[in-house]
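Just so you know, the sequences run in chain order A and B.
Note that the working numbering has the first sequence beginning at 1, numbered continuously upward.
Note that the working numbering has the second sequence beginning at 332, numbered continuously upward.
What the hints contain is simulated information worked out from the structure, not anything from laboratory work.
Quick list of in silico lysine-lysine cross-link-like pairs, DSSO-like style, CA-CA up to 30 Å:
no., chain 1, residue 1, chain 2, residue 2
1, A, K322, B, K764
2, A, K324, B, K725
3, B, K563, B, K531
4, B, K486, A, K324
5, B, K725, B, K762
Just so you have them, the derived chain B footprint on chain A, three or more residues with Cβ under 8 Å:
no., segment
6, 19-33
7, 273-287
8, 316-325
Listing some non-contacts, in silico: residues in chain B with all C-beta distances to chain A over 10 Å:
no., residue
9, D441
10, N539
11, I590
C-beta atoms are modelled at their ideal positions from N, C-alpha and C, and glycine is treated no differently.
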Amino acid sequence: MNSKVLVAPSPHVHGGDSIQKNMYGVVFAMLPALVFSFVYFGMGAIIVTLTAVASCYLFEFLISKYLLKKVPTLNDGSALITGILLAFNVPANLPIWIILIGALVAIGIGKMTFGGLGNNVFNPALVGRVFLLISFPVQMTSWPKPLGFNTAYLDAETGATPLAIIKEGLKKGEPLSQLMHDIPSNMDLFMGNMGGSMGEIAGVALLLGLLYMLFKKIISWHIPLTILGTVAIFSGILHMANPEAYAGPLFHILTGGLLLGAIFMATDYVTSPMSHKGMIIYGIGIGLLTVIIRVFGAYPEGVSFAILIMNAFVPLINVYVKPKRFGEKRK
Amino acid sequence: MLKTFSLGGIHPAGNKLSASSAIQVLPIPEIVSIPISQHIGAPATPVVKKNDEVKVGQLIAKSSGFVSANIHSSVSGTVFKVDDIMDSSGFRRTAIIIKVDGDEWLETIDRSETLVTEISASKEEIIAKIAEAGIVGLGGATFPAHVKLSVPPGKTAEVLIINAVECEPYLTSDHRVMLEKGDEVLVGTQILMKALGVNKAIIGIENNKPDAIAHLTKLAVNYQGIEICPLKTQYPQGGEKQLISATIKREIPSGALPIEVGAVVQNVGSAFAVYEAVQKNKPLFERIATITGKSLKNPSNWRFRIGTPVKDLIDAAGGLPEDTGKIIGGGPMMGKALTTVEVPLTKGSSGLLLLPREEALRKESKPCIRCGKCVSACPMGLEPFLLMVLADKKEYERLENNAVMDCMECGSCSFTCPANRPLLDYIRMGKGKVGQIMRSRK
Ligand code: SF4
Ligand code: SF4
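Given the sequences, and given the hints that come with them, work out the whole structure.
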């Protein structure tokens with residue numbers, strides 16, 4: 001008799017999913033947006049991406065090896081995601097030294113202080129982005145114009161984002177219908193022909209990524225669709241109440257970092273809730289906060305803050321919002 | 332949209348390698364070892380002793396309580412001894428070992444193949460017959476069938492649900508029974524309906540068996556009150572709670588039995604056994620099982636005498652493949668790994684799966700990435716990642732509050748986890764401990 005047969009409890013087979021498959025699946029889903037950013041911003045986008053990714057890997061390696069004294073696990077793909085997301089969240093003409101600081105904060109403070117992948121509370125790339133936004137407001141908000149592939153990097157021509165144009169204009173008391181003339185058409189917004197962070201501009205590319213991730217079951221629809229739905233409804237109500245003071249739902253969805261945030265940032269496994277009910281609460285929270293910050297807050301854009309604020313509630317949501325149990329006694 | 336259950340679920344590869352292989356009859360071995368505990372409940376009490384002559388179908392161990400089952404000889408010959416042997420549980424337990432001589436059946440058994448559709452037995456007679464024949468849940472649960480048919484006072488059965496889902500990958504014995512014994516299954520279903528006093532039965536079949544659905548649907552027009560219900564293929568639809576949710580959209584409350592929502596579930600193989608017991612006077616001493624595996628020469632379905640060694644079944648299908656890494660009694664999701672091929676096949680043996688070594692090896696477990704996929708997969712709406720952590724930390728009170736006892740041990744969580752965490756191993760451990768604590772409280 002073959003003495004080598006294994007005896008272990010059920011289940012005896014595994015579905016074959018792995019951390020790597022999911023992580024590289026996310027990276028694959030980000031490729032369309034990456035390509036669009038290269039096309040629109042040229043050389044700058046490439047330099048920013050390479051710097052962000054390389055420095056995230058480097059810091060993860062150094063911190064786990066020398067500070068945490070653990071064997072660095074770089075092949076899980078999570079540093080790659082953080083790197084690309086960090087690049088996606090900054091202008092394509094950001095100087096290298098600022099990117100390095102952003103990566104150090106993202107990996108060092110956002111991820112490793114909590115004990116590495118699986119333990120962090122906040123989305124690392126967003127921690128990096130918000131830190132940079134507060135520390136280097138000028139560099140972080142001078143957006144190069146999407147001029148098609150060019151070789152300009154630091155000296156690229158800059159322009160404002162649609163959200164900033166509206167915010168500034170409304171402050172000066174100009175009516176929305178007037179301001180809308182300065183905004184690219186919805187089609188241009190959808191195709192990414194506007195000022196903004198590297199990865200947030202091309203709605204079409206981000207949506208392609210979403211479809212891919214849903215199809216591959218890397219994420220479920222709950223978080224992205226709840227965020228987008230909440231933003232659409234909330235901004236729609238405001239718009240109907242006063243069309244001259246509040247922009248409509250489509251504008252809110254297509255501009256700024258909303259699609260990027262809803263699809264790639266808020267869906268980060270580690271920092272989002274585990275149950276579908278929890279995901280929906282989290283998504284509604286992000287949607288509401290985004291619109292509130294955009295419309296009533298000091299910053300023109302609010303997605304990053306909204307996600308970070310809701311990240312902070314995730315541990316609470318996980319404890320108090322239980323999935324629907326089968327056969328639960330109904331009240 | 333096809334019906335299915337309400338929460339969670341996974342889609343493992345079907346691997347129904349033996350689906351087109353007709354049921355064959357496994358040769359009677361020279362010696363059989365028939366365990367006295369092949370069911371949930373108290374072990375039966377042996378009523379034969381060394382050197383007794385027995386015939387096929389003769390009672391050799393008597394049910395020892397309400398939740399227990401009779402055991403009959405599957406062969407004719409001489410009792411060699413009553414002794415402890417290693418059975419499929421991996422423990423040494425009592426079995427009746429019989430040396431085979433010929434194949435002489437009790438005269439009372441009708442061995443003809445003629446279909447008897449007329450049900451002459453009364454409700455009480457049927458239940459008594461089923462108990463006498465030692466029929467248990469043949470899907471693998473092995474719960475004595477007559478117990479489920481005895482509806483407790485204050486409750487009423489409204490519908491009988493026949494579990495023909497066979498949601499475990501690889502297994503095909505129920506599928507073959509439906510194709511080859513369709514009429515017998517339907518008569519068996521009507522007998523069970525009569526026993527319960529219901530006029531409606533639903534046979535739930537997953538749509539990965541379109542031929543069985545078509546065949547039974549065609550036959551069912553001749554039988555009153557039987558509805559064939561095709562279901563969307565999804566594991567673990569064969570779980571009682573899931574099957575009831577899928578077929579009649581009712582949710583059994585936590586901790587309750589199907590009768591709470593007016594349903595009684597019986598396996599399709601049991602329906603066939605009921606037919607044989609009531610119409611043919613034949614106790615349960617043989618059944619049908621699948622022997623399968625990707626490296627096996629001849630994945631197939633066999634009718635075998637209970638007590639036949641596992642080894643005989645493997646040999647009949649072409650012998651143990653070189654690369655075998657695990658021998659599983661049952662399916663890959665809920666089956667049990669066997670330590671040796673010398674153990675006997677029993678009433679609960681729905682199949683035998685030989686898993687190649689590289690598939691049997693578990694991958695290294697990584698830290699949880701909090702993806703929530705185990706939560707989405709759990710058909711009971713639990714949080715497997717949390718239950719594992721709590722079991723590991725021995726936080727039994729929190730385990731109980733997080734409904735660990737609702738876990739049906741389907742393995743969907745471990746199957747799904749991208750970090751290869753052994754979720755169910757820990758949850759099972761925690762469940763055992765919480766169960767102990769709950770019992771000691773009473
Ligand atoms: S084994 Fe238990 S915890 Fe895991 S999915 Fe099945 S019911 Fe849920
Ligand atoms: S599936 Fe695995 S990795 Fe994902 S949350 Fe559950 S235990 Fe953690």
